[in-house]
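Order-wise, the sequence lines are chains A and B.
At position 98 of the first sequence (counting the first as 1) the number is 243 in this note's numbering, and the numbers step up by one without a gap.
At position 28 of the second sequence (counting the first as 1) the number is 555 in this note's numbering, and the numbers step up by one without a gap.
In case anyone wonders, no lab produced these hints; they're calculated from the structure.
A quick note: this is a predicted structure, and the numbers were derived from the prediction, not measured.
By construction, the Cβ of each residue, glycine as well, lies at the ideal position given by its N, Cα and C atoms.
Treat the hints with caution; some may be incorrect.
Among the chain A residues that face chain B by a calculated CB cut under 8 Å, a handful are [claimed, not checked]:
#1 GLY176
#2 TYR177
#3 MET180
#4 ALA184
#5 GLY188
#6 GLY189
#7 GLN192
#8 PRO195
#9 THR197
#10 TYR199
#11 ARG227
#12 LEU235
#13 ARG238
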Amino acid sequence: MKKTRPPEELLPLTPPVFHILLALAGGELHGYGIMQDVARQTGGALQLGPGTLYGCLKRMLAAHLVEESDERPDPALDDQRRRYYRMTALGKRVVRAEAQRLAGAVTAAMARLAGEIA
Amino acid sequence: MISQSDPTATAAFCRLYSLLLYAYPREFRREYRAPMEQLFRDRCRDLARAPGPTRLFRFALHVLRDWFNTAARERAAVWSAGRKPARRSFVTEWAGTILIYLFATTTLVQAYVIPTSSMEGSLLVGDHILVDRIAFADPGPLGRHILPYRPIERGDIIAFLYPEDVRETYVKRVIGLPGDRIRLENGQVIRNGRRLIEPYTQHIAPYPDPYRDNFPLSPGPLTTPSGLDMFARHVRNGEVVVPADMLFVLGDNRDDSADSRYWGFVPRTCVVGKPLLVYWSYDAPTDDLEHWSVDHAVDVALHFFAKTRWNRMLLVPRSRLALEAGGAR
Chain A
146 MKKTRPPEEL LPLTPPVFHI LLALAGGELH GYGIMQDVAR QTGGALQLGP
196 GTLYGCLKRM LAAHLVEESD ERPDPALDDQ RRRYYRMTAL GKRVVRAEAQ
246 RLAGAVTAAM ARLAGEIA
Chain B
528 MISQSDPTAT AAFCRLYSLL LYAYPREFRR EYRAPMEQLF RDRCRDLARA
578 PGPTRLFRFA LHVLRDWFNT AARERAAVWS AGRKPARRSF VTEWAGTILI
628 YLFATTTLVQ AYVIPTSSME GSLLVGDHIL VDRIAFADPG PLGRHILPYR
678 PIERGDIIAF LYPEDVRETY VKRVIGLPGD RIRLENGQVI RNGRRLIEPY
728 TQHIAPYPDP YRDNFPLSPG PLTTPSGLDM FARHVRNGEV VVPADMLFVL
778 GDNRDDSADS RYWGFVPRTC VVGKPLLVYW SYDAPTDDLE HWSVDHAVDV
828 ALHFFAKTRW NRMLLVPRSR LALEAGGAR
């Protein structure tokens, strides 16, 4: 049942989901890699705990935003216990739509606040 | 965990975290336990590289908050998924409802309607009442301590199976307990030689009736077989003496009530329970309430709002203690 829904239906994304998708935009990662990348993206503001990370991944798997990968991209660091995740085509469209939505929100906010900031 | 030279502390924290993982639902644990432990170990290793007491504290706080929130969230997800109607078939859904209904209506409460005016003053014709079946049900030696059981007392309103025809349920007030001596003089009850002042009663005698007002004289045409038995075996010196395991009951509408004066005592075993509250009161004639008819259904549908006595809604019928005046003779 791989029904492709329009990406807009899944918006807005929660911050952890958005940043996990962004992390996976650069390629496949395992849990720890995702966590490190999200911390880097947000300047350390968003630290994903294990429960948050795997709870989000569970829901994202169910929504077909990500999938588990069988390949081991980094043999040096490989460990049987590590699971790798990659973004699906739907995930790519959803994160792009969310980025556009956020950009729109930022533009609107800037236009409103321009006078006050100046 | 604080320094690299302390791997035992790291191991201890990891073991503790493994225990915390039991808070998650089983399915989630089976799927993600290993990677979550791995991630936790990685975080510990990071911390060991750059130790510091506040960092350790912040990390512990962060992990605990993450654990608490997400465990609750995953549990809630499992719970709400289990409650999805699509997951249960139509039959199981209704079976549960029916089982609860049967249990509640046979052991906890039961609904009755008051068809006659014999308790008028306290309960009106058309009062729909819920009867608490636990209150007076003897729960045995163990249940006595757990259930809200209490013995029947004088002044209690009780619902009971009419001894002459157990298909009918009556509601009356208890006047005499086993051993009590009862008589009526000019419509007033004299119990154990003391005149009762009963503010809850209603006397609207359309005609005087010596049988009704000066009880017990001698059996009359309305006396039923068990009433005759009471006259024959339990009248002593012009007073009825309530035998063991029996109750003497009277209606509050004292002049228009078929009660123990006419059909004798209520066996303790016939008591159903204690009227709990009036959940609906509808102004309708006795006949309509005793026998269901299409006309009555139509009447309810058309006049539901006008004929419902809203002021009686959720009324609680109370036990009332009669005042005992001085000696009557």
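Against the structure, the hints:
no., hint, result
1, GLY176, "holds, 5 Å"
2, TYR177, "holds, 4 Å"
3, MET180, "holds, 7 Å"
4, ALA184, "violated, 10 Å"
5, GLY188, "violated, 16 Å"
6, GLY189, "violated, 11 Å"
7, GLN192, "holds, 6 Å"
8, PRO195, "holds, 4 Å"
9, THR197, "holds, 5 Å"
10, TYR199, "holds, 4 Å"
11, ARG227, "holds, 7 Å"
12, LEU235, "violated, 21 Å"
13, ARG238, "violated, 25 Å"
Of the numbered hints stated above, those contradicted by the structure are hints 4, 5, 6, 12, 13, listed in ascending order.
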